[in-house]
Amino acid sequence: MSAKPIQTSMRDALGEALVKLGEEIPELVVVGADTSGSLKLSVFGSKFPQRFFNVGIAEQNMVGVAAGLALAGKKVVCGTYAVFMPGRAVDQIRNTIAYCRLDVKLVGSHGGVSVGPDGGSHQALEDIAIMRSIPNMNVIVPADGFSTKKLFTQACRSVGPYYVRLARPSSPAVYTEDTELRVGRAEILRDGSDVAIIAVGLMVDKALGAAQSLREAGVSAMVVDSHTVKPLDAETILSAARTTGAVVTAEEHNVFGGVGSAVAELLVKTHPVKMEMVGVNDVFGESGETDELMAKYGLTEKHIFEAAMKMVKQK
Amino acid sequence: MEAIQFAEPNRYVSVERLQAISRQIRKDILEMLSEAGSGHPGGSLSAVELVVALYFAKMVHNPLDPKWADRDRFLLSKGHAAPLLYAVLAECGYFPKSELKTLRKLGSRLQGHPDPTKLPGVEIPGGPEGIGLSEGVGMALAARLDRKSYRVYVLMGDGELNEGEVWEAAMAAAKYKLDNLTAIVDRNGVQQDGLTEQIMPIEPVANKWRAFNWNVIEVDGYDFEQILGAIDEARSVRNKPTVIVAYTTKGKGVEFMEWQSEYHGKVPDKQTVQKAIEELQKR
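So the sequences go chain by chain: A and B.
Once you know that position 94 of the first sequence is 94 in this note's numbering, the rest is easy, because the numbers rise by one and skip nothing.
Once you know that position 14 of the second sequence is 1014 in this note's numbering, the rest is easy, because the numbers rise by one and skip nothing.
Chain B with its partners taken away, still in its complex shape (with noise of 0.2 Å):
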């Protein structure tokens, strides 16, 4: 298969070949979580689609020069989805594939919680909630005051917008008028302690962001023609930040695992895992 050319703005990836990617991401991670026997399965099964075509389709950027002043930004603001990011950077080629079992291992550039000082292609260091957007501000305002046409993607999780500093961000980015600055919202309905809805209710989340200014495209996190033509529509949205709400599921493609607060941060043990993966195989 042709290699795909990253710093190329219109390149063209196939579906197909999108989701053959995700199977792999997903393999990937329930490996790598399983050689660690700790993190967070739930909410980076659910976001593999919305990072990959991000990475894959439409992000300019370049793995092998991950300082390039002129690539689109992507920040991970729910870090507990380390897995995915790394999974999806070593995929890029990032750094060797063989460093992904060294997830959470002393010594390792692979920390629980991403760390942009030791490992190439992280932008932010995550772990706590509800920083990334503002920091996603900060990208979008220094981009255009270096009249530099980067975009800056972050993804947030469903549970993360309890955090009151997302409403003080998304209040910047509307006043700010950043159209170079779309918020990716992992709407997988689960957080740590249960369903979203019982444990902090934050619907109706599409109209929160609509009262906030933002333009808000709602999307079925797992169908890439919607995903592909929403980041789209935001590269041509003027004068307003975008929002993608992406509908999704924590655990993604485990059965067991869907809908489970319980593997929000526990890992199966390695039996099981090897079954889950076989299943991934099946789908």
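Only chain A is shown next, with the shape it has when bound in the complex (with noise of 0.2 Å):
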């Protein structure tokens, strides 16, 4: 490992995956709703600007248009930030995308208190629990740029509704440009033998920093990026709990309804094991910047740390 990891943005690799899908796929129309910079669906715009729609400060409209649009035989990529949408238009993916299974890919950016200065109003943190629950969805959380850039592809090329969420600010890679990563397959990051680290998004490089850690204290641990939420890989999560007996979940994301509640719902059915989610409990985000707030929440390797240790000990 070098000692500076590559930093990458989910947002730049949307756009640069965007781009080359619009020439890829003729039938490819981007909406968005007056966050198309920021969230670089405007890349698209530029080079196709008869393909991309911006319909202004509308979420609800937005989903509906791009609904008329797969209904019209498009394939249909909208998205703005995950706090305006699913969260102002969960009635129109409810019942147009989600109902009648549209070929609409949904991008809910800036999820998490990450987002930063913002605030609590602009930090997504039920987004994930909401699209888990509603039939036909789809639901990929990546965990750096590239792994965005291929599943989000992947996303595309397939039929189907689909909620991509990103986060804001740049992180360090967890993967390279040539990893295979496939939708649905778990992708295990790291063997281990006393406890498995599921993690989703920017968590995945903190649970890797702190397998580690516990490394050094002698605790080997499994490191699993569950970046498809949903269908969830149940293949790869029971075998990480039948081989360590111990299991953490860590998710920028309330404890409830998101990955840790995933990964609960199939191993208390299947076989239940030691488990803490590490997540925000049940609280609304506040201002601040990235790194203060990730710690104030929770949400830090040191945490994930913590409740590893507290799980092998359990068990």
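It should be emphasised that the hints constitute simulated quantities derived from the structure, not laboratory data.
One or more of the hints may lead you astray.
[Unchecked claim] List of simulated lysine-lysine pairs, DSSO-like, C-alpha gap at most 27 Å: (1) Lys1105/B <-> Lys1282/B; (2) Lys1027/B <-> Lys1105/B; (3) Lys274/A <-> Lys315/A; (4) Lys296/A <-> Lys274/A; (5) Lys1175/B <-> Lys47/A; (6) Lys302/A <-> Lys315/A; (7) Lys230/A <-> Lys20/A; (8) Lys1208/B <-> Lys1177/B; (9) Lys1118/B <-> Lys230/A; (10) Lys1101/B <-> Lys1270/B; (11) Lys47/A <-> Lys1177/B; (12) Lys1148/B <-> Lys47/A.
Using the hints, build the complex out of the two chains.
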């Protein structure tokens, strides 16, 4: 490992992927809601102006327009900040996109408290729970720019509704340009036998850091990137639970309804093990720098480390 | 009587024939609601002539090929008027009329609110108000991208105009100058809780749409000459979407239901429905 890892931006990756996909898929269109510069949807818009629609600050209409385009045979990407979509448009997502299994990829950026100074109003901590509970919806939470590009591209190439949740800040690369990733298949990033850390998003890099510290403390930790939250890779997660007998989940989301819940729902029915959830404990965020907020809301390497040690001791 | 050529854009169907079809559709609506025991008679009966004019006289479509790429699209945004849409689709031949009596029953393709994944001829899912116009905008944009000449018609309720999304979609339609999009407002004056002007006043309806840069046509919703004329005018207007504000009567055709919010979402007992059907025949 190099001393200073490459930083990647999920949003830049989204823009790059969109331009490539636009060339590859003629029926691909993009709908934005006045945040298309921020989400890099505008990169697609500059390249394919006829196939890009900015509907202004109107998330419900954005999703409705996306549904209409999809019903007329288009493959549609629409996105804005996750607090607004799904937030503002849950009904439209449920009753059109998911209900009719439309070919629409919904991108919710600015998930979690890592949004920073914009404060709690802009830090989505419930979006995974919302989207996970809607039938037909697939949910993906990439860990870095490379995985964003790969997983989003696969989602676009397949037919049907997807929610892809991104984080605002640039973050250390977990993968490389060449890593093979597959939607629906969790990545085992590190093998281990004492505890399994199942993480998503920015928490994956932190899980890897925690695993290193755990190694130094004599604990062998497995690290799994469960980027596809729905459908969950039950096989990999179950096998991780069987191998280690203790699980820690880590996500930048409310501990209610997110990845921790998804893993718990699976394990409680199949192979119950000691389990701890690292996440936001059912509170809203606030203004502050990303690192300050991650620390305050319990989303650091140290928190994962402590949760893992606790689980190992309780085994 | 000669079969109507639905795929023929310039077909002629007489007003007398459209009136006869409308009578039949009203009867079908009442019978299927009676059989179902629940549903929404008021807003189904109010808009019969508007939908009949589109499907039988004006829209280009093919009941034998419901997914025909060049078909005109009819989007029932006021999804609770499902019985009206189903009766019309069955009358056109999209599915057997005998299936109408399965409305709202377990396993039926005729869901309480329309489901396009189940029933041929249904274009959008219905239920929550205010989404249809957005979907219409999306389809009209797709038609333009694909250089297709099909038109998109969206039927909305007047209570539905309470929904903010309608006006988001109205702005978008004007921005993109969607002259292939026609909205129709079933202005029957009654919503579930009472009169629209008491629950949430929406007047001046026509001027609201004008202010949103739409072409506005106001018609008597039971005068076929006016309805057909408005649809033709909408087809000829360039660079602007058109809305047809149709002044109608909730529960039209059944005297005790007319103007009654009570019958927005309630079906009377079978005996009363039978009387209502007899009343229809006399008109």
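So which of the earlier hints does this model not fit?
1
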